[in-house]
Amino acid sequence: MASVSVSGLTHKYGGNAKVLDGIDLEVADGEAHAVLGGSGAGKTTLLNLLSGLLRPSSGAIEFDGRDLADVDAAERNVAQVFQFPVLYPGLDVAGNLGFPLRNRGWRRAAAQRRVEEVAELLALGPLLDKKPRALSLFEKQMTAIGRALVRPDVALVLLDEPLTAVEPAAKWQLRQALQRVRRELGLTMIYVTHDQTEALTFAERITMLHQGKVLQTGTPEDLYERPAHEAVARFIGSPGMNLVSARVSNGELRIGGQSLCPCTLADGNCVVGFRPEWANIGDTGIPVSVRSVRPLSTIGGVQVALVTAEVGGATIHVRQPMHTAGNGQARVRIAPERLVLYRHGRRL
Amino acid sequence: MQPSRNNKAWFAVAPVVLVVAFSAIVPLMTVVNYSVQDIFDVNTRIFVGLDWYRETLRDPRFLEALLRQLSFSALVLVLEIPLGIWIARAIPRQGRQTTVFLIILAVPLLIPWNVVGVTWQIFARPDIGLLGAALSGLGVSYNYASSPVDAWVTLLLMDVWHWTSLVALLCFAGLASIPSAYYQAAALDGAKGWRLFRHVELPHLKSVLTIAVLLRAMDSLMIYTEPFVLTGGGPGASTTFLSQYLTTMAVGQFDLGPAAAFSVLYFLLILLLCWIFHASVMRRDA
Numbered sequence: 123m124a125s126v127s128v129s130g131l132t133h134k135y136g137g138n139a140k141v142l143d144g145i146d147l148e149v150a151d152g153e154a155h156a157v158l159g160g161s162g163a164g165k166t167t168l169l170n171l172l173s174g175l176l177r178p179s180s181g182a183i184e185f186d187g188r189d190l191a192d193v194d195a196a197e198r199n200v201a202q203v204f205q206f207p208v209l210y211p212g213l214d215v216a217g218n219l220g221f222p223l224r225n226r227g228w229r230r231a232a233a234q235r236r237v238e239e240v241a242e243l244l245a246l247g248p249l250l251d252k253k254p255r256a257l258s259l260f261e262k263q264m265t266a267i268g269r270a271l272v273r274p275d276v277a278l279v280l281l282d283e284p285l286t287a288v289e290p291a292a293k294w295q296l297r298q299a300l301q302r303v304r305r306e307l308g309l310t311m312i313y314v315t316h317d318q319t320e321a322l323t324f325a326e327r328i329t330m331l332h333q334g335k336v337l338q339t340g341t342p343e344d345l346y347e348r349p350a351h352e353a354v355a356r357f358i359g360s361p362g363m364n365l366v367s368a369r370v371s372n373g374e375l376r377i378g379g380q381s382l383c384p385c386t387l388a389d390g391n392c393v394v395g396f397r398p399e400w401a402n403i404g405d406t407g408i409p410v411s412v413r414s415v416r417p418l419s420t421i422g423g424v425q426v427a428l429v430t431a432e433v434g435g436a437t438i439h440v441r442q443p444m445h446t447a448g449n450g451q452a453r454v455r456i457a458p459e460r461l462v463l464y465r466h467g468r469r470l
Numbered sequence: 006m007q008p009s010r011n012n013k014a015w016f017a018v019a020p021v022v023l024v025v026a027f028s029a030i031v032p033l034m035t036v037v038n039y040s041v042q043d044i045f046d047v048n049t050r051i052f053v054g055l056d057w058y059r060e061t062l063r064d065p066r067f068l069e070a071l072l073r074q075l076s077f078s079a080l081v082l083v084l085e086i087p088l089g090i091w092i093a094r095a096i097p098r099q100g101r102q103t104t105v106f107l108i109i110l111a112v113p114l115l116i117p118w119n120v121v122g123v124t125w126q127i128f129a130r131p132d133i134g135l136l137g138a139a140l141s142g143l144g145v146s147y148n149y150a151s152s153p154v155d156a157w158v159t160l161l162l163m164d165v166w167h168w169t170s171l172v173a174l175l176c177f178a179g180l181a182s183i184p185s186a187y188y189q190a191a192a193l194d195g196a197k198g199w200r201l202f203r204h205v206e207l208p209h210l211k212s213v214l215t216i217a218v219l220l221r222a223m224d225s226l227m228i229y230t231e232p233f234v235l236t237g238g239g240p241g242a243s244t245t246f247l248s249q250y251l252t253t254m255a256v257g258q259f260d261l262g263p264a265a266a267f268s269v270l271y272f273l274l275i276l277l278l279c280w281i282f283h284a285s286v287m288r289r290d291a
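Here the protein sequences line up with chains A and B, keeping their order.
Residues 123 to 470 (the working numbering) are what the first sequence spells out, left to right.
Residues 6 to 291 (the working numbering) are what the second sequence spells out, left to right.
Errors might be hidden in some of the hints.
In silico EDC-like links for lysine to aspartate or glutamate, alpha-carbon gap of 20 angstroms or less [said to hold, decoys possible]:
#: 1; chain 1: A; residue 1: 252; chain 2: B; residue 2: 46
#: 2; chain 1: B; residue 1: 197; chain 2: A; residue 2: 194
#: 3; chain 1: B; residue 1: 211; chain 2: A; residue 2: 214
#: 4; chain 1: A; residue 1: 253; chain 2: A; residue 2: 242
Some chain B residues flagged as far from chain A (calculated, every beta-carbon gap over 10 angstroms) [as the list claims (entries may be wrong)]:
#: 5; residue: 118
#: 6; residue: 144
#: 7; residue: 193
#: 8; residue: 205
#: 9; residue: 252
#: 10; residue: 260
#: 11; residue: 261
Since the hints were derived computationally from the structure, they do not count as laboratory data.
Note that beta-carbon positions come from the ideal geometry of N, C-alpha and C, so glycine has one too.
Just chain A, with the same shape it has in the complex:
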């Protein structure tokens, strides 16, 4: 295993615009790190730069402090699991698992022992002599994961949206298997996804990528509770964070002229961010007009609803017990200690 350090990584294809622009990233030895971003954020480019399939336009990548500028893909000792299961069709599962070892000159018997260990770990034993076309998508992707883990000295395992092709019921199972082997083997993993649930449940730390730039790196709690950037606030959470224009004047934070709470910031415009479950619509607080109340689920005998309302020209969502919410004019209370404030898109 290795720690990964990326600094000032920039890449462009041909003479086009920068796909990655000055990426800094630190991944500790044995860490599960997720890279989260929408399509076109540069996630796959980042993976290909890490694995050595692409060479960066500028910037440096180091594994355990060793600069990799002149080290090509095969020597970096990186393994990757792709979006769709990539298996060698002519080889059975055992052959697929042993492929990276045999390429590196392992003897047949030694490779076979190692393949059996990995198969044991991922419960692939019964499939060892099957050809890929006889496997389900789930089994195929498990085999691909097994092949990524088979080298005992693998420095880094990259996962490129590995759950995309798997049927929904098997996603959870696959994620569990990944978590388990990562803990057992102490693997350094970088997991690329556009799915926040996958990132939040898989990773110890998450890097949010947007248009080739890092918006924030932090724990799942950091990204959820203290998004560093409005784009992160909107992207994470379902629905995302409520963002409402506000104004600071005379030591008060005001939305649509109504005072929300005392505020020590300099006077001026800002944006107030709060999660749907940090607010409550009822009889006290700032006036809002409720547009709709949608029942969600019942938790502990209480029906929870998603309330959509308008305040200060913005639409907000609030998640709260059903019986307190009704259509028409109401008031919203927002826990002031959890509020996140933004100016020019960045957290204050």
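Guided by the hints, dock chain B onto chain A, whose structure is given.
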């Protein structure tokens, strides 16, 4: 729901059925008809059963031509398939060069058989041909008109020159359809050279290679024009393949009955070989 019967669809198919009937089935049945009769003139025919078939299969010249034919086709496949794959792998996958390569490769495919034959006939002549004269000048004894080995070498060169492009283009299409993730995975798994070809490329080339082998096998089993133009089947009978011998019989000697039996056997042979090949590929797939 009951499937509704709409027999009108047959009217749409009818023209094709008619064309196929006149172009393939009727001539074929005529040949089968000839093959069981001894024909003296239009009004004098004797039914002879399978006599012509027995005679053909016992004819040493038929058996020699068959052996030559099978050897020639085997050599064609052994040369053209690996060479075609090698060329396909050497073509850059994208960029402006790709188009140039593909166009150059396609050129031989556009040239008619007899033109290829004439071109090589002249090109390889030891007195005035560029290749033949150059070899003579270097002191290499080479003359396709007198040496059977030289005639075979020339024919094989001609066929390789004419048809390897087909294999290469088919394989290129096959290679181009391999998703890039396979190459990426192979690069990270440390597969290079032969192992990359064997485990990543070859499995994905299977279906196009099946087509390539079938096309080249069928076509080379039917070769006629090139040896006819080059040496007329000589020197001696060294390049007299099945079609050459058949033509001598049917057109030269006007032995319609034996020639018809020969034709049917020839047709069945090609069909059988291709079927065996195709079936063995399919069985391994299942």
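Tested hints:
Between the alpha carbons of residue 252/A and residue 46/B the distance comes to roughly 66 angstroms, so the proposed pair goes past 20 angstroms and is violated. For the hint pairing residue 197/B with residue 194/A, the CA-to-CA distance comes to about 13 angstroms; that is within 20 angstroms, so the pair holds. For the given pair, residue 211/B sits about 17 angstroms from residue 214/A by alpha-carbon distance, which is consistent with the 20 angstroms threshold. Between residue 253/A and residue 242/A the alpha-carbon distance is near 18 angstroms, which keeps this suggested pair within the 20 angstroms criterion.
Residue 118/B, annotated as away from the interface, keeps every beta carbon of chain A farther than 10 angstroms; the closest lies near 37 angstroms. Listed as a non-interface residue, residue 144/B keeps its Cβ farther than 10 angstroms from every Cβ of chain A; the least gap is roughly 48 angstroms. For residue 193/B, the shortest C-beta to C-beta distance to chain A comes to about 5 angstroms, within the 10 angstroms cut-off, and the non-interface label is violated. Distance to chain A contradicts residue 205/B as a non-interface residue, since its nearest Cβ pair spans about 6 angstroms, not more than 10 angstroms.
With 10 angstroms as the threshold on Cβ separation, the claim that residue 252/B sits away from chain A holds: the shortest Cβ distance comes to roughly 44 angstroms. The claim that residue 260/B lies off the interface holds: its Cβ sits roughly 51 angstroms from the closest Cβ of chain A, which is beyond the 10 angstroms cut-off. Every beta carbon of chain A lies more than 10 angstroms from that of residue 261/B, the smallest distance being close to 51 angstroms; the non-interface claim holds.
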